[in-house]
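Trainee: Given only the sequences and the hints, what does the whole structure look like? Please build it.
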Amino acid sequence: MRRFVARLFSLFGRSRREQELADEISAHLELSAAEQRANGLSAEEARLTALRRFGGVTQTQEAFRDTHGFPALELMSRDLLFAWRLLRRKPLFAAAAIATVSLGVGANTAVVSVLETALLNPLGLRQADRVMAVRTQFVKLNLFQAEASGVEFREMQSLPEVFSAVASMEGRAWTWLSNDEASRLVGQAVTPDFFNVFGEYPGTGRFFTAEDDEFSVVLSDGLWRARFGADPSAVGRTMWLEKKPYRIVGVAPAGFHFPPNAQLWTRLPLEPVRLLDSERGRNRTLSVFARRKEGVSETQAREHVRRYVDTVISADATHGGDLSKNGYGIELTSFGRYIAGDLRRPLLLLWGAASIVLLTGCANIAGLLLARSSSRHREIAIRIAVGATAARIVRQLLLESLLIAALGGAAGLVVAGVAVALLTRLNLSAVSSLAFASLDSRLLLYGFGLALVSGLLFGMAPAIQLVRQSESARIGHGRRRWSRDLIVAAQVCGALVLIVMTTLLLRSLWAIQRIEPGFDPQGVTTAFFLKPQNDPDFFDRLQARLAATAGVQSAALANPVPFAESGVVSGFAIKNRQESGVQGNAEGFQITPAYFQTLRIPLLRGRNLAPSDTATSPLVCLIDARLAERFFPGLNPIGQEIGMFKGWARIVGVVGAIRRTSLEGESHPAVYYSFAQIPFFPWAAILLRSNVPADSIIRAAVRDANPSVPVYDVRSIEERLGATLEIRRTMIMLLSTFGGISLLLAIVGLYGVTAQVISERTREIAIRTALGARPTQILLPLMRQGLRSALFGLILGLGAVAYAQNWLAGMLYDVAALDPIAVGGTTLGVLMVSLAAVWWPARRVTGIDAQHVLRHE
Amino acid sequence: MAAPKNDLVAGTLALMILKTLDTVGSLHGYAIARRIEQISGNQISLNQGTIYPALLRLEQEGWISPKWGKSETGRRVKFYSITRAGKKQIQTEQGDWERAAGIVAKFVTLVRAKA
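As they're listed, the protein sequences go chains Z and E. If you read the first sequence in the numbering used here, its first letter stands for residue 66, the second for the next number, and so on. If you read the second sequence in the numbering used here, its first letter stands for residue 142, the second for the next number, and so on.
Worth flagging that the hints you see were computed from the coordinates, not collected in a lab. It cannot be assumed that every hint is accurate.
[As the list claims (entries may be wrong)] Computed footprint of chain E on chain Z; a stretch qualifies when at least three of its residues, placed anywhere within it, have a C-beta under 8 Å from a C-beta of chain E:
id, region
1, 94-103
2, 116-128
[To be verified] Not the full set, but computed from the structure, chain Z residues with beta-carbon under 10 Å of chain E:
id, residue
3, ARG82
4, GLU85
5, ASP88
Given the structure is predicted, the values throughout are model-derived calculations rather than measurements. Don't be surprised by glycine CBs; every beta carbon is placed ideally from N, CA and C.
Mentor: Quick look at the structure:
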């Protein structure tokens with residue numbers, strides 16, 4: 066080992082060492098000669114004797130050098146230098162090849178970095194691999210991935226053989242008063258084990274303990290830095306949230322962002338009543354997370370919990386409960402999937418697409434190298450003739466490819482850096498975790514490794530071919546170059562797959578954009594605010610002020626609003642039904658009567674809510690057409706009573722159904738209550754239809770009505786709608802870019818194949834032209850090779866699409882994965898482009914001057 | 142690259158150099174070569190050049206350390222001296238050598254008895 070290091074270092078001070086050796090040798094010879102002269106020899110004889118006794122000076126130097134460094138390495142550096150000179154000699158080729166690798170590697174690494182943040186290593190939480198989200202489902206009620214109630218939390222805690230830590234969290238928002246300034250903070254109320262579930266340690270101070278009451282706070286690193294100047298003495302201070310004093314006990318570590326928008330965490334008090342069995346399925350407001358014990362696999366945990374749920378259900382059935390009727394169950398989702406959610410498939414698809422681009426890119430470089438190899442045939446033949454072994458030549462060729470790959474990889478990492486910076490700025494509201502994507506050293510290693518592997522990949526083909534050629538050259542004509550054809554076919558296949566996917570997604574987007582949301586979103590602006598406490602007239606004052614502002618056509622208050630979060634889906638019952646208990650799930654809205662007018666939702670039956678529906682009058686509600694059709698088919702729902710939030714509410718009217726969370730997704734049936742009668746939630750939103758910019762109007766009106774109320778998330782409904790489509794738009798943009806690059810590469814490949822066929826057969830073409838063949842007779846056979854590859858690629862591509870259709874279908878809307886227009890049209894399009902790519906170089910043969918060619922042979 | 146044939150010679154040469162430096166102290170290359178020839182009763186006629194790669198190897202192993210100095214003729218030459226690690230190495234190699242020599246000696250007597 067020591068010697069190895071010494072040799073390694075010797076790679077540097079090389080010339081100095083050799084000079085020293087020369088000095089030593091000449092001194093040696095001088096001393097030796099002096100001794101001989103002392104023995105009575107003449108000066109000349111002494112010198113010769115000294116030399117003879119020394120042996121060969123050159124041999125000594127050679128042996129010295131061998132001992133000194135690594136001869137193999139030196140050989141390699143010589144090869145590398147040679148490769149570098151070759152590249153420099155063909156700058157255009159080098160630039161094209163390096164650019165191709167860098168694009169492929171860059172795109173791939175960027176996508177993987179997002180994949181890593183969203184899927185593999187969610188949010189950069191290093192210890193989250195054993196965390197599972199615990200959610201409930203009511204299969205028969207079509208309710209999946211629902212939040213849990215206190216019961217499930219308690220039950221997961223009672224399975225210590227499966228989970229080492231279990232925690233609940235519940236969303237919170239606070240008005241924070243500091244230095245007379247009101248700001249809104251969002252975060253979570255959590256049970257003591259929350260941070261232990263994620264295996265985190267406090268950055269400063271401590272986390273919660275069982276002794277902490279609900280007025281304890283752990284700050285996020287971001288809030289601590291932004292508002293407390295990263296002052297460690299912030300721990301122990303008091304902050305006023307909702308006019309109550311909270312004690313800061315600690316600060317979370319810098320890398321902990323869960324949920325991604327959380328600014329602080331408080332202690333969640335779970336009253337014993339919330340843990341009772343009777344609470345199961347009600348008040349599902351808790352997000353429960355559990356950490357699997359070391360050595361317990363996901364499957365084992367699921368099996369455990371499933372058996373547990375079975376006993377719960379059978380116990381429930383003996384008491385006449387309806388858990389089994391509703392298809393109750395507990396779902397365990399790995400944290401990675403929980404974070405990625407619907408994003409999983411698109412991300413994997415993008416990764417596949419980026420890999421196709423990289424592979425077609427490799428194929429193209431292989432093609433270019435192959436084309437170049439015919440011109441290097443002579444050079445290789447000479448080198449083999451003077452005694453280079455095949456291995457030596459292959460090594461030389463691979464080294465050239467690796468050099469391209471390494472340069473391309475380095476450039477690709479720069480591309481990836483730029484791409485990730487752009488991606489994190491995309492700000493997809495549905496994917497807040499995206500903001501945390503970054504390139505770390507492992508990803509850089511991945512990118513560079515990818516580049517080197519692709520270098521080996523595209524270097525292998527020409528290397529094998531060259532050696533085989535030089536072997537067969539002795540026998541006679543080289544064999545057919547099937548590898549080139551295969552490469553082109555693979556390129557066409559990849560391009561087709563990507564473009565078909567883009568088309569399918571595009572058609573889905575169009576189909577979605579044609580969907581009527583059930584209301585008129587144009588010109589409506591929405592903004593959330595936190596309700597003030599001890600200000601009962603606030604809503605009236607606010608509405609009056611909004612209505613009195615010039616340019617405002619209509620204003621209402623509501624929670625939730627279309628295409629925004631924060632709704633509550635809950636089970637409801639219908640009075641006087643034969644089957645008692647929960648009939649189905651609906652989303653509860655609280656509104657002021659102007660809501661329907663503002664959004665232009667039609668009143669289909671009965672009456673609207675009115676100012677006369679107050680806290681003291683009988684509880685009434687409106688239902689939407691969806692609920693009416695599903696639960697009152699052929700009946701008049703007016704006058705019926707349903708129970709959801711608080712006792713029985715009489716249905717006084719039916720309004721049109723709207724698309725609530727996204728255009729394409731199924732919306733829950735809706736029940737509308739008056740704010741005056743159901744004042745449960747701490748926040749609400751303003752909806753304003755106006756023909757002037759609404760942002761300042763809203764802020765001014767709220768400030769006038771009560772200056773301590775913070776306003777947040779001001780956006781038009783159209784913006785919110787756009788955000789729900791943003792992921793699809795981004796996907797289409799990225800996929801079409803990848804598809805375009807891929808197609809371009811395929812075109813270059815096809816062009817190259819045909820051009821080469823022509824250059825090889827120029828003589829034959831010239832002879833046939835001279836003999837009077839018509840242009841088409843010459844043209845067709847020339848195009849055959851390229852076209853055959855293209856057709857083969859198309860068939861392969863169609864096979865791939867057919868194979869992936871089930872997988873694709875989940876991302877499509879109103880379009881089949883084998884949609885004849887998308888698939889057929891794209892195939893035809895790619896075929897036409899391939900034809901053009903083949904015809905373009907071939908068409909020149911009609912211009913070949915037969916005489917000129919034959920004379921110059 | 143070094144041929145395996147030379148390895149035996151190189152190995153014994155290393156021991157001879159170490160032993161020489163151990164007994165005499167600091168010497169330059171030529172003196173080491175001459176010394177080895179003299180001690181062997183001029184039975185070994187070194188290709189004196191082979192000593193330099195061997196010296197380099199010993200230096201890389203850290204068994205000897207070089208130092209520039211002036212020769213008898215006033216030329217700048219490297220003087221080599223043994224290090225502590227080198228002395229330890231002599232112990233090991235000497236043991237190895239004695240064992241190997243002992244085995245060979247047994248074979249030689251065996252063959253002689255048979256003849």
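Trainee: Now tell me, hint by hint, if it's right for this structure.
Mentor: Comparing the hints with the structure gives:
no.	hint	result
1	94-103	holds (count 5)
2	116-128	holds (count 8)
3	ARG82	holds (9 Å)
4	GLU85	holds (7 Å)
5	ASP88	holds (7 Å)
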